[in-house]
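These protein sequence lines are chains U and V, in that order.
The first sequence begins at 1 in this note's numbering and counts up by one.
The second sequence begins at 1 in this note's numbering and counts up by one.
None of these hints come from the bench; they were simulated from the model.
Because the structure is a prediction, the values reported are computed rather than measured.
Be aware that one or more of the hints could be misleading.
[Claimed, not checked] Take a look, some chain U residues computed to stay more than 12 Å from chain V by CB distance:
| id | residue |
| --- | --- |
| 1 | 22 |
| 2 | 73 |
| 3 | 81 |
| 4 | 93 |
[Said to hold, decoys possible] Here are the simulated lysine to any residue pairs, SDA-like style, with alpha carbons at most 20 Å apart:
| id | chain 1 | residue 1 | chain 2 | residue 2 |
| --- | --- | --- | --- | --- |
| 5 | V | 67 | U | 96 |
| 6 | V | 42 | U | 57 |
| 7 | V | 104 | U | 44 |
| 8 | V | 42 | U | 22 |
| 9 | V | 104 | V | 48 |
| 10 | V | 99 | U | 96 |
| 11 | V | 104 | U | 39 |
| 12 | U | 57 | U | 40 |
| 13 | U | 11 | U | 111 |
| 14 | U | 57 | U | 19 |
| 15 | V | 104 | V | 58 |
| 16 | V | 104 | U | 19 |
| 17 | U | 17 | U | 105 |
| 18 | U | 17 | U | 87 |
| 19 | V | 99 | U | 113 |
| 20 | V | 99 | U | 11 |
| 21 | V | 104 | V | 32 |
A virtual CB, placed ideally from N, CA and C, is assigned to each residue, including glycine.
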Amino acid sequence: GAGVSQSPSNKVTEKGKDVELRCDPISGHTALYWYRQRLGQGLEFLIYFQGNSAPDKSGLPSDRFSAERTGESVSTLTIQRTQQEDSAVYLCASSPRTAGGDEQYFGPGTRLTVT
Amino acid sequence: QKEVEQNSGPLSVPEGAIASLNCTYSDRGSQSFFWYRQYSGKSPELIMSIYSNGDKEDGRFTAQLNKASQYVSLLIRDSQPSDSATYLCAVNGGGSNYKLTFGKGTLLTVNP
């Protein structure tokens, strides 16, 4: 079946502008995660959605970052007033979160460059 | 602060050899362990998951878990140049702690 999709694949924006990144999870996956990966660095957890529960926003680095998800479908990550340190690849993952396991499957990512 | 430690490498092995990748974690309550492969410029790809002590084999890959030692490893048999990538170890926090903590990865190079 189709994997996790993300759009856009690349985004170049000027410092101070707002950007919106989109993630479409694997159909039937109840859990959705956003991560950030700076160049040459590890993955940094940002936010987690599970069904209709309140999201875990504990990884968001500042109040300029926000995310939404409607039900078990598409999620958007919004970064307001972008800064150069926001330049990174933003990765979305989804998981079935079943009793058998909670493997996360990643999308191709959105490469954000803030100039 | 939950931590996952990996040797950054690079680990270089000849084609056909066994590559051994190691990972230690700090949270003794962790219950789920994963290995991801990440090619340069690409997103992580899940290659193995392991939940119980012991070995789990899938093709040329074997994951080994020792919860008492807080240690998980990945063996790649008959290494191929196409296995050259960064391998990420990921651990969840146990129970309802769904968040994965990733190690910084080990760069593996398989020389033809």
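Here's how the hints hold up against the structure:
1. With a cut of 12 Å on Cβ distances, residue 22(U) stays outside the contact zone with chain V, its closest approach being about 15 Å.
2. Residue-level check passed: residue 73(U) sits 19 Å from the nearest beta carbon of chain V, beyond 12 Å.
3. Every beta carbon of chain V lies more than 12 Å from that of residue 81(U), the smallest distance being close to 27 Å; the non-interface claim holds.
4. Separation of residue 93(U) from chain V is inadequate, the least Cβ-Cβ distance of about 8 Å not exceeding the 12 Å criterion.
5. A distance of roughly 25 Å separates the Cα atoms of residue 67(V) and residue 96(U); the hinted pair therefore is violated under the 20 Å criterion.
6. Proposed proximity of residue 42(V) and residue 57(U) is contradicted: the alpha carbons are some 25 Å apart, above 20 Å.
7. Distance hint between residue 104(V) and residue 44(U) is fulfilled; the C-alpha atoms sit about 10 Å from each other, no more than 20 Å.
8. Annotation: proposed proximity of residue 42(V) to residue 22(U) holds, straight-line Cα distance about 18 Å (limit 20 Å).
9. For the hint pairing residue 104(V) with residue 48(V), the CA-to-CA distance comes to about 17 Å; that is within 20 Å, so the pair holds.
10. The straight-line distance between the Cα atoms of residue 99(V) and residue 96(U) is roughly 14 Å, inside the 20 Å bound, and the hint therefore holds.
11. The suggested pairing of residue 104(V) with residue 39(U) holds, with an alpha-carbon distance near 12 Å, which does not exceed 20 Å.
12. For the hint linking residue 57(U) to residue 40(U), the alpha-carbon distance of about 24 Å lies beyond 20 Å, and the restraint is violated.
13. For the suggested pair residue 11(U) and residue 111(U), the alpha carbons sit about 6 Å apart, so the restraint of at most 20 Å is met.
14. Under the criterion of a C-alpha separation no larger than 20 Å, the hint pairing residue 57(U) with residue 19(U) is consistent with the structure, at around 18 Å.
15. Between the alpha carbons of residue 104(V) and residue 58(V) the distance comes to roughly 24 Å, so the proposed pair goes past 20 Å and is violated.
16. For the hint linking residue 104(V) to residue 19(U), the alpha-carbon distance of about 27 Å lies beyond 20 Å, and the restraint is violated.
17. Between residue 17(U) and residue 105(U), the direct Cα distance comes to roughly 30 Å. Violation of the 20 Å bound is thereby established for this hinted pair.
18. Distance hint between residue 17(U) and residue 87(U) is fulfilled; the C-alpha atoms sit about 13 Å from each other, no more than 20 Å.
19. A distance of roughly 26 Å separates the Cα atoms of residue 99(V) and residue 113(U); the hinted pair therefore is violated under the 20 Å criterion.
20. Annotation: proposed proximity of residue 99(V) to residue 11(U) is violated, straight-line Cα distance about 27 Å (limit 20 Å).
21. Between residue 104(V) and residue 32(V) the CA atoms are separated by roughly 18 Å; this keeps the pair inside 20 Å, and the hint holds.
Hints 4, 5, 6, 12, 15, 16, 17, 19 and 20 from the list above are not met by this structure, while the remaining hints are.
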